[in-house]
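Protein chains: 2
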Amino acid sequence: MKLIATFISTLFLSGSLFAQSPDSLIIKSIYDEALGKGHAYSNLEYLCKKIGPRLSGSQNAQKAVDWTKKVMEDYGFDRVYLQELMVPHWERGAKESAYILEGKSKIPVRIAALGGSIATAEQGLTAPIIEVMNFQELRSLGESGVKGKIVFFNRPFDNRLFDPFEAYRGAVDQRSQGAVEAAKLGAVGVIVRSMTNIIDDNPHTGGMRYEDGVTKIPAAAISTKAAELLSQKLRMTKASPVRLFFKQNCRTLPDAVSYNVVGEIRGSVSPEKIITVGGHLDSWDLAEGAHDDGTGITQSIEVLRMFKSLNIKPNNTIRAVMFMNEENGLRGGLKYAEIAKQNQEKHIAAIESDHGGFSPRGFTVQESPSALAHIQKWTHLLAPYKVTELIPGGGGADIGPLKTAVPGIVLIGLKPDSHRYFDIHHASSDVFENVNKRELEIGAASMASLIYLIDKYGVQ
Amino acid sequence: MKLIATFISTLFLSGSLFAQSPDSLIIKSIYDEALGKGHAYSNLEYLCKKIGPRLSGSQNAQKAVDWTKKVMEDYGFDRVYLQELMVPHWERGAKESAYILEGKSKIPVRIAALGGSIATAEQGLTAPIIEVMNFQELRSLGESGVKGKIVFFNRPFDNRLFDPFEAYRGAVDQRSQGAVEAAKLGAVGVIVRSMTNIIDDNPHTGGMRYEDGVTKIPAAAISTKAAELLSQKLRMTKASPVRLFFKQNCRTLPDAVSYNVVGEIRGSVSPEKIITVGGHLDSWDLAEGAHDDGTGITQSIEVLRMFKSLNIKPNNTIRAVMFMNEENGLRGGLKYAEIAKQNQEKHIAAIESDHGGFSPRGFTVQESPSALAHIQKWTHLLAPYKVTELIPGGGGADIGPLKTAVPGIVLIGLKPDSHRYFDIHHASSDVFENVNKRELEIGAASMASLIYLIDKYGVQ
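In the order they appear, the protein sequences are chains U and B.
Residue numbers for the first sequence follow the working numbering, beginning at -6 and rising by one.
Residue numbers for the second sequence follow the working numbering, beginning at -6 and rising by one.
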């Protein structure tokens, strides 16, 4: 252990040991460019402040398509084009309202319809509300305990889990599947505790689904602060049942035309071989989609911009892809893979940034120990920038479909520090102001550096 | 490389490999406690929101002394006491005002007097202003170019430097020494570009000094946004000289009585041997001193609280120290070391948290390769919590004087991610809302875990 520990610290300390290698010099020039003359932050500001929320099918989503296309054209990328696809088109409609009704008191609480949910009746829905922590507890109540009621799923994140994504995965079934499970027992509506580590008053929306043959009931997220209050009321007033009123008029329109936006720098040696870097262009409608996933979008564009600006001529074609519809359909990711398969494209690797624009800690490599071992050989080149966790893990939702569509492709995810992510995830607080300029820029530089190495040396 | 890289990734992946060791179980219980039942965040909220800014000598500094003492008494620590000392007592007075004067136009800009500066005359100071980037450029202008003028030091952070603290060290001479160097050439005032990576409209204050025999002239920090504007004006209007008006009525009062606050859990085997954990209780007056250094204070208290709560009985005495007056005098750190020397106390190690409450990345060990090698043996125990950078570096300002006062002591600094630090450093934006709960808690757990190991195994 001691020898290895010492070696690890030597890695951290002595950039100088490697400073003479051409690769380390080029990588340094990439970080210098991102941190000293980067465009990612100002591009993100535009996307967040001039365009804003951009749910699939919305006018803003189309504005984001037009704008990112223009940005990449203005940078002079070799080819910029759209991939047409159909996307779900769900609209929130007017702002939701909700009240805890207890005797004569009426306490307003903050909710947000879950994406894909149906509306309540126009006058809203009022019913007794019952709290459960999971589907097992729900089922133990049986139809007699659930019928005609609103089910309140209130299982919190387990904050002890070091990785907040693990806490998310441990709670999100309530949001995605809660309406189906509750409806099976005759519930008339569902309220789900927001998927977040913190207690605040922002409802966090997110996708949910219905199931054929099961009655569709309206579903909404409630802020964690209101969830705590509601739970307290339910525990304190066993005698007179607590009711909830909520009203939402969201609706699903026919599928709409939309686009992935693709920019390319053509490979100088093997232009037919492709390395993809991307994020998703759509966002939930409650905020600016800054960390989710404006950062991934602007970082991906920045990778190509820096290659051009630094006159790095890749051997293979580097593609920045703005995927459409990650949040409520994944149609963009599916379309991109479909076209790749159809055209028998040769893909070396795809790298996705969709875990927020936070301080990068490493990369995750999906189901390829050989590629992982290959990438780990570059540890000494990335360690000066604290990108040290090169570990197995998922690549990302949008690039996922490439795995089967293009055999042999290596899927890689940028892995930033994750502790702040669920504070703002799918909530009105996911705004530009919560992105740090340096953290965003270092993410772009880290992806560009990895792509530079993969382009030069291959990935397995 | 490959073998070692694989080994590193194995470390990250397989907490399970080590999960059976009693040490790893205790460390897990510490992180569980901090993340699941921690008090650091609510304590920080109190310190920031109920007390707020607490510059040495102020009423609020005394409130912070009283409150932290009470908090530690309420937790039932074995001994809680004060160390009396005298501190500088500087007051900002009324809010500063400043204008760029150009022909008939008068553009307001945001400034903040530097800590320790004298006031301007009551009616303010108006003079031609000249921009320089460093002392060499200043001196090249000679007395003829400087006399009667306000000197504007405008050398920005070099954002390409990966470590923002390096950028800070590369710019801060302008703030600390600028007034002396300018006054030597007859300048009547000094305006210094704020020490920050970002462009915003918050002036960032900080310490400055005068020199015996050199005229004292007033000095203030200007926001980076205003600095850019002022620089532009100076470049554009060579013909009609730009003047600046500024007014501040800060003053230095006689030294005041204040205190370090110390809490102890007594060692069960060697109570005479001490491990210190601390941060500084004072803060600049512009904001809540959340990251600087409310986080260090509440983390240090949390270390002891968790030891008690988890029934971890240390062999040696563990001390939480709230140092007074780090920002403009270091009198608390000096007093603590003086008392330690006077009483011939036996100190094993001291750990300081004063780089903000951000996501921890490791620890720096000061001038002790043997202690560093010893600590690196614990890499596998800390790696599951991503505390992987165990490297040489400074311990911290407040514990610094212990190095000579108590020979043999090992000084250690908590090293959090540093990219956000100078966005808020010494500015009105250093508030509770900019601290993430999990990041703060993980810092406390990381310090507690390291102290647990040092207490059990020694440190060299």
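For the record, the hints were derived by calculation from the structure and aren't laboratory data.
In this text the structure is predicted, and so the values were computed from the model without any measurement.
Errors might be hidden in some of the hints.
In this list, chains with the same sequence are indistinguishable; a pair is considered to hold if it fits within one copy or across any two.
[Stated by the list, open to error] Below, a list of computed lysine-lysine pairs in the DSS-like style, where the Cα atoms sit at most 27 Å apart:
(1) Lys370 x Lys88
(2) Lys306 x Lys88
(3) Lys339 x Lys42
(4) Lys30 x Lys226
(5) Lys62 x Lys99
(6) Lys218 x Lys30
(7) Lys306 x Lys209
(8) Lys99 x Lys266
(9) Lys43 x Lys218
(10) Lys177 x Lys21
(11) Lys370 x Lys63
(12) Lys88 x Lys62
(13) Lys266 x Lys209
(14) Lys226 x Lys21
Each hint, compared with the structure:
no.	hint	verdict
1	Lys370 x Lys88	neither (52 Å within a copy, 56 Å between copies)
2	Lys306 x Lys88	neither (50 Å within a copy, 54 Å between copies)
3	Lys339 x Lys42	neither (37 Å within a copy, 58 Å between copies)
4	Lys30 x Lys226	between (54 Å within a copy, 23 Å between copies)
5	Lys62 x Lys99	neither (49 Å within a copy, 42 Å between copies)
6	Lys218 x Lys30	between (42 Å within a copy, 17 Å between copies)
7	Lys306 x Lys209	neither (54 Å within a copy, 56 Å between copies)
8	Lys99 x Lys266	neither (62 Å within a copy, 60 Å between copies)
9	Lys43 x Lys218	between (31 Å within a copy, 21 Å between copies)
10	Lys177 x Lys21	neither (58 Å within a copy, 40 Å between copies)
11	Lys370 x Lys63	neither (38 Å within a copy, 53 Å between copies)
12	Lys88 x Lys62	neither (32 Å within a copy, 47 Å between copies)
13	Lys266 x Lys209	neither (46 Å within a copy, 67 Å between copies)
14	Lys226 x Lys21	neither (57 Å within a copy, 34 Å between copies)
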